[in-house]
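There are 2 protein chains.
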Amino acid sequence: MTSSDSSPVAFVRAAVDAELARFVAERRAQLLEIGGELAPVVDALEAMLAGGKRLRPAFCYWGWRGAGGADTPDIHAAAASLEFLQACALVHDDVIDNSDTRRGMPATHKRMEELHARSGWSGAADGFGRGAAILIGDLCLAWSEDMYQASGLGLEALRAGRRPFDAMRTEVMAGQYLDMLEQVREDGGVEAALRVMHYKAAKYTVERPLHLGAALAGRYDDLGPVYSAYGLPLGLAFQLRDDILGVFGDPGQTGKPAGDDLREGKRTLLVAETLDRAAPADAAEFRRHLGDPALTPERVEWMRALVEDCGALAACERRIDDLVGQATAALNTDLIDDTARAPLADLIVAATARKH
Amino acid sequence: MTSSDSSPVAFVRAAVDAELARFVAERRAQLLEIGGELAPVVDALEAMLAGGKRLRPAFCYWGWRGAGGADTPDIHAAAASLEFLQACALVHDDVIDNSDTRRGMPATHKRMEELHARSGWSGAADGFGRGAAILIGDLCLAWSEDMYQASGLGLEALRAGRRPFDAMRTEVMAGQYLDMLEQVREDGGVEAALRVMHYKAAKYTVERPLHLGAALAGRYDDLGPVYSAYGLPLGLAFQLRDDILGVFGDPGQTGKPAGDDLREGKRTLLVAETLDRAAPADAAEFRRHLGDPALTPERVEWMRALVEDCGALAACERRIDDLVGQATAALNTDLIDDTARAPLADLIVAATARKH
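Protein chains in written order, with the numbering used here: chain S, 2 to 357; chain H, 2 to 357.
Treat the hints with care, as some may be off.
Pairs involving identical chains hold if they fit within one copy or between any two copies, as the list cannot separate such chains.
[To be verified] Here are the simulated SDA-like pairs of lysine to any residue, each with C-alpha atoms no more than 25 angstroms apart in a straight line:
| hint | residue 1 | residue 2 |
| --- | --- | --- |
| 1 | 257 | 124 |
| 2 | 257 | 128 |
| 3 | 54 | 72 |
| 4 | 54 | 327 |
| 5 | 54 | 99 |
| 6 | 54 | 342 |
| 7 | 54 | 343 |
| 8 | 257 | 343 |
| 9 | 257 | 305 |
| 10 | 54 | 256 |
| 11 | 54 | 320 |
| 12 | 257 | 156 |
| 13 | 257 | 300 |
| 14 | 54 | 71 |
Since the hints were derived computationally from the structure, they do not count as laboratory data.
With the rest of the complex left out, here is chain S (with noise of 0.2 angstroms):
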């Protein structure tokens, strides 16, 4: 299969899919061996890794061939094992932000909860469900490394890859936990929140899948500052993108309720540009509103017609628009492999399209 029969996410997707299954049908042999008890944490795992786009193993696969990289099975799984790392992230971050859904499903959590309720156990079923969380997640972190060390590719070649591999865990986590400090001091404004992004979001989803790829492939020396060039705005708009769509988005489409993140109280780029543009007096009422779970249909309508109203979404536009031609001309190098260069340019779109 080549670059051409499908887009690169699907043509992406369609390989890493195919290594985690091989992956987790593994695993899942290994734990039924200690217990069979242990069915419903890989059940919940799998369930968790279905309903990904596959972004960050993406840009590691088109980051290796934009290196030069061949298309080989060993970077599906090594590009796969990122996958992992994103589940760890989403099933701590629906416990610790006490999410009950994600992609329409229940949360890894809920779902763990579910089993102990449905199974008459005793103690209280959300804490069984909140621990039990708290562990398939610390599976997938470590199963993460694993599938990145057993992807066939040389050891000198992940070694190179341990760099940006490192560095991600650790951004991604100090990221997630400047986050939490965002939504609990409540005065960072726009330069808190686009600190945040930078970490969460550019860095973890773009730019270091990207440098991974080239590192793997022996580039990240001349690789690594185009890639920079190219991930870091583009992982900006991405976030941009999700935070608005977090706010407008079709529940049809997010797998979200209708201004979800108005009723966690994110404190998104746009929720910090409505709170500095709005009239005083709308701020406050806003900020007031943000962040309560019970919020009605009327006032969430009334929120987004302030951040409207106020000029934040079409500010963020603007950003995105701008963020965007930055990535674009970032790919104006003669470094990058001319196989990569349409494809990456597709990943602009596919990352800050208007519709997940």
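Once you've looked at the hints, dock chain H against the given chain S.
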């Protein structure tokens, strides 16, 4: 420094502590570059690392020496990486069990909860504490791998070590889940308690660290079975001793309130033996009080007396003696390098002594 300077545990502890301090200092700088607000994260992580006995590194190190490996900083660092895995397990375990103290100090989530309260941040302090602890545990798990890979050992050695290293992580998380399951199913008995101990303690604390040392030295194939014959019974004996201390231990020694395991409702072998051996009415009453967070000191006294009077305590002590005998006998082989034979015998005493 040679092993004759001090006990085999103390010797490894000093070497491992030095490697951990170096690694954490490096990572602290990296995190502070991301943001000064991350200082409490590293502080919490360092506090968590401070108290351990370094048993797992000790088994890894002496497993390596027993396989003919030399005393080098590389193996100290590789062995030390197991402490980060253990830190992850403890931090997450305390969140899962809702345990407020660890080794007489506030548990990580309590520490972060106090930071929230002290800082006057918005939202629930306990939710913030738990969320931060989940992320800190994740960081520990990622750093365990980073430290292992950066130990300085050769790529081939590190590759050889992956089999036990990977297995260890999957097994401990599976064991933790089965342990959680035993608490809520309440019908496990002696066999179920033994299976949890097999994964959570025998393999995780003793056998796999020894395997890792052997594999790093290229001796997994011939020494693996020898170390299993020594490590599995020793690991069970270690856990049994820990369970006895959890019920009868001196709070000044254990760092936990007297009878804390009874309050937490841990389904240990000691508890399973008590429920098996006590008269039905006593067993029913014991079961009713097990896991009651409001247990009075008088009730703890009554429960302790029952554990002793029904013969459960003596049965566990006999089992420890028997297991210690098996571990000791397993050392009687020429496959183990002479340098390590006495330290491995000393480790039996260190891991199963009546005072920890």
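Results of checking the hints against the structure:
1. Within a single copy, residue 257 and residue 124 get their C-alpha atoms only as close as 30 angstroms, which misses the 25 angstroms cut-off; across copies the closest is 23 angstroms, which meets it.
2. In this assembly of identical chains, residue 257 and residue 128 lie within 25 angstroms of each other by CA distance both inside one copy and across copies; the values are 23 angstroms within and 22 angstroms between.
3. Proximity of residue 54 and residue 72 under a CA criterion of 25 angstroms is satisfied intra-copy only: 20 angstroms inside one chain copy versus 48 angstroms between copies.
4. In the homo-oligomer, the alpha carbons of residue 54 and residue 327 lie at most 25 angstroms apart inside one protomer (24 angstroms), although the nearest pairing across protomers, at 53 angstroms, exceeds that limit.
5. In this assembly of identical chains, the alpha carbons of residue 54 and residue 99 lie at most 25 angstroms apart only when taken from the same copy (23 angstroms versus 35 angstroms across copies).
6. Proximity of residue 54 and residue 342 under a CA criterion of 25 angstroms is satisfied intra-copy only: 20 angstroms inside one chain copy versus 54 angstroms between copies.
7. Within a single copy, residue 54 and residue 343 get their C-alpha atoms as close as 19 angstroms, which meets the 25 angstroms cut-off; across copies the closest is 55 angstroms, which misses it.
8. In this assembly of identical chains, residue 257 and residue 343 lie within 25 angstroms of each other by CA distance neither inside one copy nor across copies; the values are 32 angstroms within and 61 angstroms between.
9. In this assembly of identical chains, residue 257 and residue 305 lie within 25 angstroms of each other by CA distance solely inside one copy; the values are 16 angstroms within and 51 angstroms between copies.
10. Proximity of residue 54 and residue 256 under a CA criterion of 25 angstroms is satisfied intra-copy only: 13 angstroms inside one chain copy versus 47 angstroms between copies.
11. For a Cα distance limit of 25 angstroms, the shortest separation of residue 54 from residue 320 inside one copy, 24 angstroms, qualifies, whereas the shortest one across copies, 53 angstroms, does not.
12. For a Cα distance limit of 25 angstroms, the shortest separation of residue 257 from residue 156 qualifies neither inside one copy, at 42 angstroms, nor across copies, at 45 angstroms.
13. Only within a single protomer do residue 257 and residue 300 lie at most 25 angstroms apart by alpha-carbon distance; the minimum there is 17 angstroms, versus 49 angstroms between protomers.
14. Taking the shortest alpha-carbon separations for residue 54 and residue 71, only the intra-copy value of 22 angstroms comes in at or below 25 angstroms, while the best inter-copy value is 48 angstroms.
The structure is inconsistent with the numbered hints 8 and 12, although it conforms to all the rest.
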